[in-house]
Amino acid sequence: MGSLPLFFRLMAASISGQARYPASALLLTVGQFLGTGIEVIAVWALFHRFGEVQGWAIGEVALFYGLVNCMFAIADALGRGFDVLGTEFLRTGTFDRLLLRPRPLALQLMGNDVRVSRLGRLLQGVIVLVFATVQAGIAWTPGAVALALFALAGGVALFLGILVLQGTLSFWTVESLEIANVLTYGGVQAAQYPLALYAQWFRRVLTFIVPLACVAYYPALAILGKPDPLGAPGWVGMVSPLAGFVFLAAAFGAWRIGLRRYASTGS
Amino acid sequence: MSPRDLLRPYAAAFVSRFLQMLQYRTAALAGFATQCWWGGIKVMVFAAFYGGSAIAGAASSMSLAQAISYTWLAQGLLVLLPWLGDPEVAQAVRTGAVAYDRLRPVDAYALWFARSAGWIAARLLPRMALMAAFAAVVLPLAGLGEWAWQPPANAVAGVAFLLSVVLALLLSTAMVMLLNVAATAALNERGISAVATPVVIVFSGNLLPLALLPDAWQAALLVQPLAGLFDIPARLYFGQLSGWHALRGLGLQCFWIVALVAFGRLAMGRTMRSLQVQGG
Chain V
1 MGSLPLFFRL MAASISGQAR YPASALLLTV GQFLGTGIEV IAVWALFHRF
51 GEVQGWAIGE VALFYGLVNC MFAIADALGR GFDVLGTEFL RTGTFDRLLL
101 RPRPLALQLM GNDVRVSRLG RLLQGVIVLV FATVQAGIAW TPGAVALALF
151 ALAGGVALFL GILVLQGTLS FWTVESLEIA NVLTYGGVQA AQYPLALYAQ
201 WFRRVLTFIV PLACVAYYPA LAILGKPDPL GAPGWVGMVS PLAGFVFLAA
251 AFGAWRIGLR RYASTGS
Chain E
268 MSPRDLLRPY AAAFVSRFLQ MLQYRTAALA GFATQCWWGG IKVMVFAAFY
318 GGSAIAGAAS SMSLAQAISY TWLAQGLLVL LPWLGDPEVA QAVRTGAVAY
368 DRLRPVDAYA LWFARSAGWI AARLLPRMAL MAAFAAVVLP LAGLGEWAWQ
418 PPANAVAGVA FLLSVVLALL LSTAMVMLLN VAATAALNER GISAVATPVV
468 IVFSGNLLPL ALLPDAWQAA LLVQPLAGLF DIPARLYFGQ LSGWHALRGL
518 GLQCFWIVAL VAFGRLAMGR TMRSLQVQGG
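Sequence lines, in order, name chains V and E.
Quick note: the first sequence uses our numbering, first residue 1, plus one each step.
Quick note: the second sequence uses our numbering, first residue 268, plus one each step.
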């Protein structure tokens, strides 16, 4: 079986497993929807009280918010295997079984546990995008749609890259550390506001080290047709999502180094 | 028996759980780093909102410096949020070890209460200390003084705050006990906590200081039990509640502790009568 059909087969198996407990899957999805929805309350309450933030209206900020949450929802559904690599694979020794199979390791991990409940976050992201469209009057021309999909793909790649790095780290620590949440959940939190709000050193981190701004901020500016208050030219948003793919490639590079030094825990 | 003898088993349960939880140092440090990042982003967002609006002072009963201190305070007190029942209780129910607790000649509710309080306190104290070191000492030294955690309004406010944190710990434990009972009844509390968590985050003030939520909600926000976890301690810290108002705040916390403990005992009694111990 080729890699891609294998991946879909694994994915289907994982999803049908969760479908055996429909009430639980539904409750977890609702929980994800509510749990990610509360950040919306924070954004809404702040705009309700202050009106605007440095010239940004709530509809514009909602575009960042919706895009980032859709990206993370998809990446998180696909990348759970890397997230739990330490606790569920390395410590138990199950990882050795994956290594023995003559199939790409990354695909096996990605297809291992495709979480249906992430639909909750995805749905919430989509609703916020609809709100942004109405509120900020976004014209979804074919060009804008294409750019949004490109940004989405780049963002999924970036968040997957973070999850791969988290998995890589667990080759050393043999556990899944909460520290990676700084980049996953913390990244979502940072990228759902316009980059221009942040201090300069933090903007640099988000552009050049963990390029969240490249997949969310610059493309969203291009979709909104809004000039960058920091002076980046308009074409930046058209190419910057590529940084997400570069990040993913770099993460897999680190993954291979970690894999080479992997020694089974033997349990 | 003297009162001291009567209390001994509960004190022992508290202390042993406290010491046991202090072992998880790596996890605590990782959690701490996450909280600093989180707080940092929130502080920058607050600074942007306050900075952009000329009427910031009029629009809000809370200054930027207070909103920033509130953020760090909330990050330090994060483990007070009752997300989950005590995992040890849940495990005892699943494995059937709960039967031993039922056989002991002590009050089962009080024993679990003491254990859960120890569990929460052991995660609370190191994080508070680390957060204070980071936000009140390191940030100013790093030249980010305006992002720092400010000292309390005055000495009285500081004392009232500490007292209020102790009450918040008891209140949090009373809520965790309700989750424990729910876990015992349902054998699984994940569904409950998935729905309860967002409510807790919003109404405790962890998401945003309650004073920044719409003005029309303020009266209702202040009397609900979750305000006692963060918001009342924080208002005492800033001196917003002083004199009689401070006593009312502390009294409200006490009221909710008593009410929730009474409800928890009742619920636990009912659950225990129908509990079927999982064999093992």
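One thing to keep in mind: the hints can contain errors.
[Unchecked claim] Here are some chain V residues pointing at chain E (derived, C-beta under 8 Å): (1) PHE8; (2) ALA12; (3) VAL40.
[Said to hold, decoys possible] Pair ranges (Cβ atoms, derived): (4) V:LEU99 / E:TRP350: 20 to 26 Å; (5) V:PRO227 / E:ALA483: 36 to 42 Å; (6) E:VAL490 / V:ALA139: 44 to 50 Å; (7) V:ARG9 / E:ALA332: 52 to 58 Å; (8) V:VAL236 / E:ALA294: 38 to 44 Å; (9) E:TRP484 / V:TRP235: 41 to 47 Å; (10) V:ARG261 / E:ASP368: 44 to 50 Å; (11) V:ARG101 / E:TRP484: 53 to 59 Å; (12) E:ALA487 / V:SER24: 42 to 48 Å; (13) E:ALA332 / V:ARG101: 56 to 62 Å; (14) E:GLY363 / V:ARG101: 35 to 41 Å; (15) V:VAL236 / E:THR293: 50 to 56 Å.
[Said to hold, decoys possible] Which chain V residues stay away from chain E? Per the calculated CB distances, all over 12 Å, these: (16) ARG49; (17) ALA190; (18) LEU224; (19) VAL246; (20) ARG256; (21) GLY258.
Worth flagging that the hints you see were computed from the coordinates, not collected in a lab.
Glycine is no exception: its CB is placed at the ideal position from the N, C-alpha and C atoms.
Consistency of the hints with the structure:
The beta carbon of PHE8 (chain V) is not positioned within 8 Å of any beta carbon in chain E (closest approach about 29 Å), and the interface hint is therefore violated. Evaluation of the ALA12 (chain V) hint against chain E yields a violated restraint, the C-beta minimum of about 25 Å exceeding 8 Å. Given hint, VAL40 (chain V) at the interface with chain E, is violated; its Cβ is 10 Å from that chain's nearest Cβ, farther than 8 Å. A C-beta distance of roughly 36 Å is found between LEU99 (chain V) and TRP350 (chain E), which places it outside the suggested range of 20 to 26 Å.
A C-beta distance of roughly 37 Å is found between PRO227 (chain V) and ALA483 (chain E), which places it inside the suggested range of 36 to 42 Å. Under the hint 44 to 50 Å, the C-beta atoms of VAL490 (chain E) and ALA139 (chain V), about 47 Å apart, fit the expected range. Taken as a hint, the range 52 to 58 Å holds for the pair ARG9 (chain V) and ALA332 (chain E), whose Cβ atoms sit roughly 57 Å apart. Take VAL236 (chain V) and ALA294 (chain E): their Cβ atoms lie about 40 Å apart, and the range 38 to 44 Å holds.
For the hinted restraint 41 to 47 Å between TRP484 (chain E) and TRP235 (chain V), the CB-CB distance of approximately 45 Å keeps it satisfied. Here the CB-CB span from ARG261 (chain V) to ASP368 (chain E) is close to 45 Å, well matched to the stated 44 to 50 Å. A beta carbon spacing of about 55 Å between ARG101 (chain V) and TRP484 (chain E) agrees with the range 53 to 59 Å that was offered as a hint. Look at ALA487 (chain E) against SER24 (chain V): about 33 Å separates their beta carbons, and that is not inside 42 to 48 Å.
Distance hint check for ALA332 (chain E) and ARG101 (chain V): the Cβ-Cβ separation is about 57 Å, which falls inside the suggested range of 56 to 62 Å. Hint check: GLY363 (chain E) to ARG101 (chain V), Cβ distance near 38 Å, so the stated range 35 to 41 Å holds. Under the hint 50 to 56 Å, the C-beta atoms of VAL236 (chain V) and THR293 (chain E), about 40 Å apart, miss the expected range. Consistency note on ARG49 (chain V): stated as away from chain E, yet its beta-carbon is not over 12 Å from all of that chain's, at 6 Å minimum.
With 12 Å as the threshold on Cβ separation, the claim that ALA190 (chain V) sits away from chain E is violated: the shortest Cβ distance comes to roughly 5 Å. With a cut of 12 Å on Cβ distances, LEU224 (chain V) stays outside the contact zone with chain E, its closest approach being about 18 Å. Non-interface status of VAL246 (chain V) relative to chain E is upheld: no Cβ of that chain comes within 12 Å, the nearest being about 23 Å off. Chain E leaves ARG256 (chain V) outside its interface by the beta-carbon criterion, the shortest separation being 25 Å against a cut-off of 12 Å.
For GLY258 (chain V), the non-interface assignment is confirmed: its Cβ lies about 18 Å from the closest Cβ of chain E, beyond the 12 Å cut-off.
Figure legend: structure checked against the earlier numbered hints; hints not met, in rising order: 1, 2, 3, 4, 12, 15, 16, 17.
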